[in-house]
Amino acid sequence: MALSETAGLHGPPIPKPPVHQQVLNSVPVAVAIYAIVVGLIVYGSFAGAQNMGYNWQWYRVPQYLYSFTDDGFQWGEISVGLVATIRLSILSFALATVLGLVVALLRLSGLVVGSAVAVAYLELIRNIPLLVLLYLFYYVLGPIFGLDRYVASILTLAVFHSALISEIFRAGINAVAVGQWEAAKSIGMSTGQAYRYIILPQSVRFMLPPMTGEMVHLIKSSAIVSVIAVAELTTIGRNIISDTYMSFEIWFTIAAVYMVVTLILSVGVSFLERKFTVDQ
Amino acid sequence: MSSQPIIEARNLDKFFGKFHALKDVSISVRQGERVVVCGPSGSGKSTLIRCFNALESHSSGTLVVDGIEVFEGSKDVRKLRQEVGMVFQQFNLFPHLTVLENLMIGPMKVRKVSRDQAERTARTYLDRVHIPEQAEKYPAQLSGGQQQRVAIARSLCMETRIMLFDEPTSALDPEMINEVLDVMVELAETGMTMVVVTHEMGFARKVADTMVFMEEGRIVEVAPPDQFFTAPSSDRCRMFLAQILEH
Ligand SMILES: Nc1ncnc2c1ncn2[C@@H]1O[C@H](COP(=O)(O)OP(=O)(O)O)[C@@H](O)[C@H]1O
Ligand SMILES: [Mg+2]
Chain A
36 MALSETAGLH GPPIPKPPVH QQVLNSVPVA VAIYAIVVGL IVYGSFAGAQ NMGYNWQWYR
96 VPQYLYSFTD DGFQWGEISV GLVATIRLSI LSFALATVLG LVVALLRLSG LVVGSAVAVA
156 YLELIRNIPL LVLLYLFYYV LGPIFGLDRY VASILTLAVF HSALISEIFR AGINAVAVGQ
216 WEAAKSIGMS TGQAYRYIIL PQSVRFMLPP MTGEMVHLIK SSAIVSVIAV AELTTIGRNI
276 ISDTYMSFEI WFTIAAVYMV VTLILSVGVS FLERKFTVDQ
Chain B
92 MSSQPIIEAR NLDKFFGKFH ALKDVSISVR QGERVVVCGP SGSGKSTLIR CFNALESHSS
152 GTLVVDGIEV FEGSKDVRKL RQEVGMVFQQ FNLFPHLTVL ENLMIGPMKV RKVSRDQAER
212 TARTYLDRVH IPEQAEKYPA QLSGGQQQRV AIARSLCMET RIMLFDEPTS ALDPEMINEV
272 LDVMVELAET GMTMVVVTHE MGFARKVADT MVFMEEGRIV EVAPPDQFFT APSSDRCRMF
332 LAQILEH
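Protein chains in written order, with this note's numbering: chain A, 36 to 315; chain B, 92 to 338.
I should point out that these hints are in silico values taken from the structure, not numbers from a laboratory. C-beta atoms are modelled at their ideal positions from N, C-alpha and C, and glycine is treated no differently. Mixed in with the good hints, there may be bad ones.
With a straight-line cut-off of 35 Å between C-alpha atoms, the simulated DSBU-like cross-links for lysine-lysine are [stated by the list, open to error]:
(1) B:K170 - B:K114
(2) B:K170 - B:K200
(3) A:K310 - B:K228
(4) B:K200 - B:K166
(5) B:K203 - A:K310
(6) B:K114 - B:K166
(7) A:K310 - B:K200
Using C-beta positions, here's what the derived DEER-type ranges look like [what the hints assert, rightly or not]:
(8) B:G133 - A:V295: 55 to 63 Å
(9) B:R202 - A:Q109: 57 to 65 Å
(10) B:Q232 - A:W93: 55 to 63 Å
(11) A:G145 - B:E250: 27 to 35 Å
(12) A:S301 - B:E224: 40 to 48 Å
(13) A:E158 - B:F107: 28 to 36 Å
(14) A:G145 - B:E266: 37 to 45 Å
(15) A:G145 - B:K170: 19 to 27 Å
(16) B:G133 - A:G145: 20 to 28 Å
Kindly generate the complete structure, drawing on both the sequences and the hints.
Here it is as structure tokens:
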């Protein structure tokens, strides 16, 4: 009797996970396994390189990040390339966000023409590979409209990413309760005012995580503009390698730089996000 | 109370697809009149009062509210909504704005009132609904009763001439119902034109000039409260009253 009462109050006890899982999930064991796996991969590639007779020259890499000369501190080529990549990504992302918002609003407008235009745009972009889109902008639209390689790159990245961003906007806008629209309308707001003051500010909360993902995605796909020789991180990496033949060291470094940037971005936004939910 | 009708609905029909939600509904509300609408769930009460501020558009018939003819696609809809406030069952406060901002945003953005003026008005009406001390909080930090009073104040800040209430106390815990009803009674005493969908019959007895009973999309009975509660003319209305007055 007493037993069943306790069960009724607290529910059945949650079964413990099996012992092997408990051990594997404990922090020291997990860290050790992780370190071993990473170590094996690194060792494997270095050993492989050794077998090829690869001549490691890591000591020559730092000068491409920064250097101290008689003139004082100087950023290296890779750092300059990184700044170029960040600038390219920010400009593209800003434009992609504007395009994405317009497409989302067109789709939600309830106008037949509006949503038809939006859907056609989305289908077109989704079904063209990024590389081909870049060639279209640079080799076809470029000469016609006088776009230089930098502008063509920004447009390509913005257009390509606007498709997913418009879906993020649409989902974010739809996630706001209908009652919010009704309340906004019933105090006399226009559709535009309702979006601006009531709906979009609330959608931000839903959109922040997927938008971060999209920004990370854009930073990574910006590497593709190296095929038309826009000066950015990947292009610089290629240039350094053609001068020095240090392809292993430089590609490892370039990959690490991309990773550091995108990780910082993700961590920063999840911090922002936490702050955001606390505020409300 | 003047005899001037401020809401005049004639032969309204409303279809949701094939579903006939309002059937030949005619009703007239005079300025300053308090109308309480009741009836079983699904009888079209919400649909009717949502037509009054054009949140729904009626399918046929004529509707004139505060001198403005309401019809689908009318350019005057926003003008109309500035004169007709609405209080919802689920409050629908703006969760990302503080209480004060909830009250100020309509006057500032829609009526283009200055920030100072909007804040003065907001504080006046927060006093009126007896929660001046909650001005800086967010809606989620308030109780249901407080939230609904903020929602009432938000409508009042637009200085509307008509207030519509759609079951304003149905989502509230019982102990909070009276604080909201009290505010509504006080509002009635100021001479506001009110159309209230509610099953709070104590409130209806106290403030209603006219009782309306709806069923299956029709207005079945319109009567002053004395007559409505003592001698309703339709059997359905009598049964409905017997059911809800049992509690
Ligand atoms: N947007 C809608 N689409 C389809 N049917 C609806 C919609 N709104 C209301 N209805 C239907 O219309 C009828 C009346 O609804 P409503 O006016 O909300 O009733 P009440 O407020 O009296 O409970 C209900 O049967 C409801 O299902
Ligand atoms: Mg209803």
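Task: Structure versus earlier hints, numbers of those that do not hold, lowest first - done: none
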